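Participant: Read off the chains here:
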Amino acid sequence: MSAATYEDVLLAAAKSDPRIVVMTAENRAAIRGLPPLLGDRFIDVGICEQTMIGAATGLALRGRIPVVHALATFLVMRAFEFIRTDVGILGLPVKLVGAVPGFLSDGNGPTHQAIEDVSLMRGIPGMHVVCPSDERELVEALPAVLASPHPTYLRFNASPCRVEHHKPFALGQSELILDGQAVMLLGYGLLVPELVVAAQELRSAGIDAGVLNLRTLVPFDEAAVLKHAASARLLVTVEDHFKVGGLFSIVAELCLREHVSPHVLPLALDRWFRPALLPDVLRTEGFTGPAIAARVRDALATKKLHA
Amino acid sequence: MTDQAFRVRQHIVRMSGGGGCFIGASLSCADLVVYLYERVLDISPTTVTSRDRDYFFLSKGHDVPALYGALAERGYIDSARLDHHLQPGDNIYWHPSRAIPGVEFHSGSLGHLLSVSIGVAMGIRLDGGPGRAFVVLGDGELDEGSVWEGALVAGAKRLENLVVIVDRNEFQANIETESLIPLEPLADKWRAFGFGVVEVNGHDFADIERGFSILPLVAGHPTVVIARTVRGKGLPSIERRADRWFARFTEEEVNALLAELAGTARANLTSETLVVR
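Heads up: the protein sequence lines correspond to chains W and A, in order. Just so you know, we're using this note's numbering here: the first sequence kicks off at 1 and counts up by one. Just so you know, we're using this note's numbering here: the second sequence kicks off at 1 and counts up by one.
FYI, nobody ran anything at the bench for these hints, they're computed from the structure. Since this is a predicted model, take the numbers as computed values, not measurements. Just to be clear, a hint being listed does not mean it is correct.
Facing chain W, according to a computed beta carbon distance under 10 angstroms, are these residues of chain A, among others [what the hints assert, rightly or not]:
hint, residue
1, Tyr55
2, Ser79
3, Arg81
4, Pro101
5, Phe105
6, Gly108
7, His112
8, Val116
9, Met122
10, Asp127
11, Gly150
12, Leu152
13, Val153
14, His203
Computed footprint of chain A on chain W, listed as stretches where at least three residues anywhere in the stretch have a Cβ under 8 angstroms from a Cβ of chain A [claimed, not checked]:
hint, region
15, 38-46
16, 266-275
17, 297-305
Here a beta-carbon is modelled for each residue, glycine too, at the ideal position from N, C-alpha and C.
Here chain W stands alone, though its shape is the one from the complex (with noise of 0.2 angstroms):
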């Protein structure tokens, strides 16, 4: 038998869970045959995110957890304000469910770039941001965060599993892939992958590095960002997002926070990548792992840094 999709996991859950109710604003790749089988608790608002928003809102003031699923870039964007106003301003337990974020949108091209979601999520007060790096903590987070009570957007991201976990999902714990004293390269969602290829480099190269996987970025693991903090002589944020907002962002109010000052590389975007299929965009946008480890390479070089 093979494993458990996003899909029958959220079955399962709306089977045992009567409050769950299943929307969508005409945006069925991952739950595509789930109308049959949920009847009137699948939702279907044709392609108007901000009513979808909306309307979720009073489901959830009847007592419903609307799990709904739109491209990340529209949802998070067409509909921020609903979000922010509607959603936020209650904490409502609204599962926003963003598909295709980042690189995922590929050859799409820059009006289907979710890039800017992290940052958008986390400025709402109360607001969880999951972002799985395959499709197996996509299945384990699914549960978690819809036993939340918080608004939570989810990364969607059904990417074949490539990297070996062996850390149960949990909301605001990371994974230690690889651990590392010279580097730690941190990273959540569809590159975490890669941070581990890098990794397997640089130790090559004779460069002790490892891999934290975030998991989720709200809320977010503290303890294990400061711990490698004090022990690494390089962080590496990487991510498919905007520089501004999102992890790097996330570790420099941390660490400013707690008077700790770690070298970190930020390898994010600072522009809309340039739109091909997917294993083309990593490696034109330099984010394949052998191009990560390279990129950490010459900024150990530049700053000197003996790792």
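Given the coordinates of chain W, work out where chain A should sit on it, guided by the hints.
Facilitator: Same frame as chain W, now just chain A:
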């Protein structure tokens, strides 16, 4: 009801003193709000959290003095609490707060609560409940695209337990709707979106009654009641005045307006008119 509406207008006028309030829009919907609470809504101070209640949403939140006035008259809150308007220790400010008993949801950003009321109507239907969702929209608010998105969805989902009330006072904030973004033919617009439509005089209780006597107006469809109203209704000094959208009156002016409301004098208003708030 006439007496009650008079007292609600007195509350509104009092709230236009001190830090001021959006007096014009509050006065235009006052009779509608009073009528709904008196004759239509299945809700009372003791059933504000009942799952079977009707829900009442004020989407154009700046007319909240009308709602607070009605809630005070009906015993949801103490009338004396309205004196806390804009005091930091309470939650009575220029837009609705859910901290006030009877307020279902905050509003102020236009174009939100049609979709929230759609969700409530959907939720009631999922539960097989008896409740209905009522939402007041301003006519200026109809400029917002999200209103028409919501109208499309409400029509498509055949939400017959949803009732939209349009306070058609013919003003945007500071400009007449028909001179800026014309809305007519307004009834036809809603009809085209799948609503049962009825138009009433929003200041004539007998005519308002006609509008709400059959709900849903058309089985299997949401209803819209387009209420023709007058901004500033009850105070000739500010009726239909584009520059009296938001007002901050002196104590003397408030007293003069209360006399004008009672029909004993005409107020002489000298306070600066605030065009933008």
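Participant: Each hint: holds or not?
Facilitator: Verification of the supplied hints:
A hinted interface residue such as Tyr55 of chain A counts as satisfied when its beta carbon comes closer than 10 angstroms to some beta carbon of chain W; here the least separation is about 8 angstroms, so the hint holds. Using the Cβ-Cβ criterion of 10 angstroms, the hint placing Ser79 of chain A at the interface with chain W is not satisfied: the shortest such distance is roughly 27 angstroms. Hint on Arg81 of chain A is violated. Least Cβ distance to chain W is approximately 22 angstroms, over the 10 angstroms limit. The closest approach between the C-beta of Pro101 of chain A and any C-beta of chain W is roughly 16 angstroms, which is over the 10 angstroms cut-off, so the hint fails.
For the restraint placing Phe105 of chain A at the interface with chain W, the shortest Cβ-Cβ distance is roughly 7 angstroms, inside the 10 angstroms limit, so the hint holds. Given the 10 angstroms rule on beta carbons, the hint for Gly108 of chain A holds: about 8 angstroms separates it from the nearest Cβ of chain W. At about 6 angstroms, the closest approach between the beta carbon of His112 of chain A and any beta carbon in chain W falls short of 10 angstroms, and the interface hint on this residue holds. Checking Val116 of chain A against chain W by beta carbon gives a least distance of about 4 angstroms; that is within 10 angstroms, so the hint holds.
This hint holds: Met122 of chain A has a C-beta 6 angstroms from the nearest C-beta of chain W, less than the 10 angstroms allowed. For Asp127 of chain A, the suggested interface contact is upheld, since its CB lies about 7 angstroms from the closest CB of chain W, less than 10 angstroms. Against a cut-off of 10 angstroms between C-beta atoms, the interface hint on Gly150 of chain A holds, since the closest Cβ of chain W lies about 5 angstroms away. Checking Leu152 of chain A against chain W by beta carbon gives a least distance of about 7 angstroms; that is within 10 angstroms, so the hint holds.
Here the hint on Val153 of chain A is kept, as its CB sits about 5 angstroms from the closest CB of chain W, short of 10 angstroms. Below 10 angstroms, beta-carbon pairs count as interface contacts, and His203 of chain A has none with chain W, the closest being about 30 angstroms; its hint is therefore violated. For the region 38-46 of chain W, the proposed coverage by chain A is satisfied: 5 residues have a C-beta within less than 8 angstroms of a C-beta in that chain, meeting the threshold of three. With 0 residues bearing a CB less than 8 angstroms from a CB of chain A, the region 266-275 of chain W misses the requirement of three and the coverage assertion fails.
For the region 297-305 of chain W, the assignment as covered by chain A is violated, since 0 residues bring a beta-carbon within under 8 angstroms of that chain's beta-carbons and 3 are needed.
Hints 2, 3, 4, 14, 16 and 17, counting from the list given before, are not met by this structure.
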